[in-house]
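**Student:** Sequence:
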Amino acid sequence: MVDIEGYEVPEGLYYSKDFVWIKIEDQKVRVGITDYAQKALREIVYAELPSVETEVNQNETCGTLESVKAVSDLTTPISGVIEKVNEEVLSHPEILNEDPYGKAWLLVIKPANLEAELVSLMDFGKAVEWHKTQTLGK
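The opening position of the sequence shown corresponds to residue 4 in the numbering used here, with each subsequent residue numbered one higher.
Where hints are given, some of them may not hold.
In silico lysine-lysine, DSSO-like type, Cα no more than 27 Å apart, as pairs [what the hints assert, rightly or not]:
(1) 20 <-> 106
(2) 20 <-> 87
(3) 42 <-> 106
(4) 113 <-> 20
(5) 113 <-> 135
(6) 87 <-> 106
(7) 113 <-> 87
(8) 129 <-> 106
(9) 135 <-> 26
(10) 129 <-> 31
(11) 72 <-> 42
(12) 42 <-> 87
(13) 31 <-> 113
Restraint-style ranges between C-beta atoms, simulated for each label pair [what the hints assert, rightly or not]:
(14) 21 <-> 54: 16 to 22 Å
(15) 55 <-> 105: 17 to 23 Å
(16) 119 <-> 42: 30 to 36 Å
(17) 106 <-> 69: 15 to 21 Å
Calculated directly from the structure, the hints in this document are not laboratory data.
Glycine included, C-beta positions come from ideal geometry on N, C-alpha and C.
Please construct the entire structure, taking both the sequences and the accompanying hints into account.
**Tutor:** Structure (structure tokens):
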């Protein structure tokens, strides 16, 4: 884990420029929001997520996160079919602010084209550099 100006960036994940992370677990992908995203939104009060068995496409909106500050679209980092939705996030969205890389994961997706779509995501090294550019103006 690296701390960049107060924002955590863990190793072993891939990141999108939409502030979403993925973790590859066997033939599935676990999805969540980054520490940067949860801090930018501040107090998250509502989450709308797609249903299990919903087909999603990379870079398309699949839900929303609402905070006292704003409503933000949740963009899917990988195409595939939703296999699990974190029900705890739906009933207690504040956990997104408490543990965005752990218990506050959002979705588990069975990817349709993982290898081809991974190239459009950032690995740890690229994500660290990208987060540095995001925090320069803060």
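**Student:** Could you run down the list of hints and mark each one as holding or not?
**Tutor:** How the hints compare with the structure:
{"no.": "1", "hint": "20 <-> 106", "in the structure": "holds, 22 Å"}
{"no.": "2", "hint": "20 <-> 87", "in the structure": "holds, 23 Å"}
{"no.": "3", "hint": "42 <-> 106", "in the structure": "holds, 16 Å"}
{"no.": "4", "hint": "113 <-> 20", "in the structure": "holds, 21 Å"}
{"no.": "5", "hint": "113 <-> 135", "in the structure": "violated, 31 Å"}
{"no.": "6", "hint": "87 <-> 106", "in the structure": "holds, 13 Å"}
{"no.": "7", "hint": "113 <-> 87", "in the structure": "holds, 9 Å"}
{"no.": "8", "hint": "129 <-> 106", "in the structure": "holds, 25 Å"}
{"no.": "9", "hint": "135 <-> 26", "in the structure": "holds, 21 Å"}
{"no.": "10", "hint": "129 <-> 31", "in the structure": "holds, 22 Å"}
{"no.": "11", "hint": "72 <-> 42", "in the structure": "holds, 11 Å"}
{"no.": "12", "hint": "42 <-> 87", "in the structure": "holds, 25 Å"}
{"no.": "13", "hint": "31 <-> 113", "in the structure": "holds, 5 Å"}
{"no.": "14", "hint": "21 <-> 54: 16 to 22 Å", "in the structure": "holds, 21 Å"}
{"no.": "15", "hint": "55 <-> 105: 17 to 23 Å", "in the structure": "holds, 21 Å"}
{"no.": "16", "hint": "119 <-> 42: 30 to 36 Å", "in the structure": "holds, 32 Å"}
{"no.": "17", "hint": "106 <-> 69: 15 to 21 Å", "in the structure": "holds, 20 Å"}
Violated hints amount to a single one, hint 5; each of the other numbered hints is respected by the structure.
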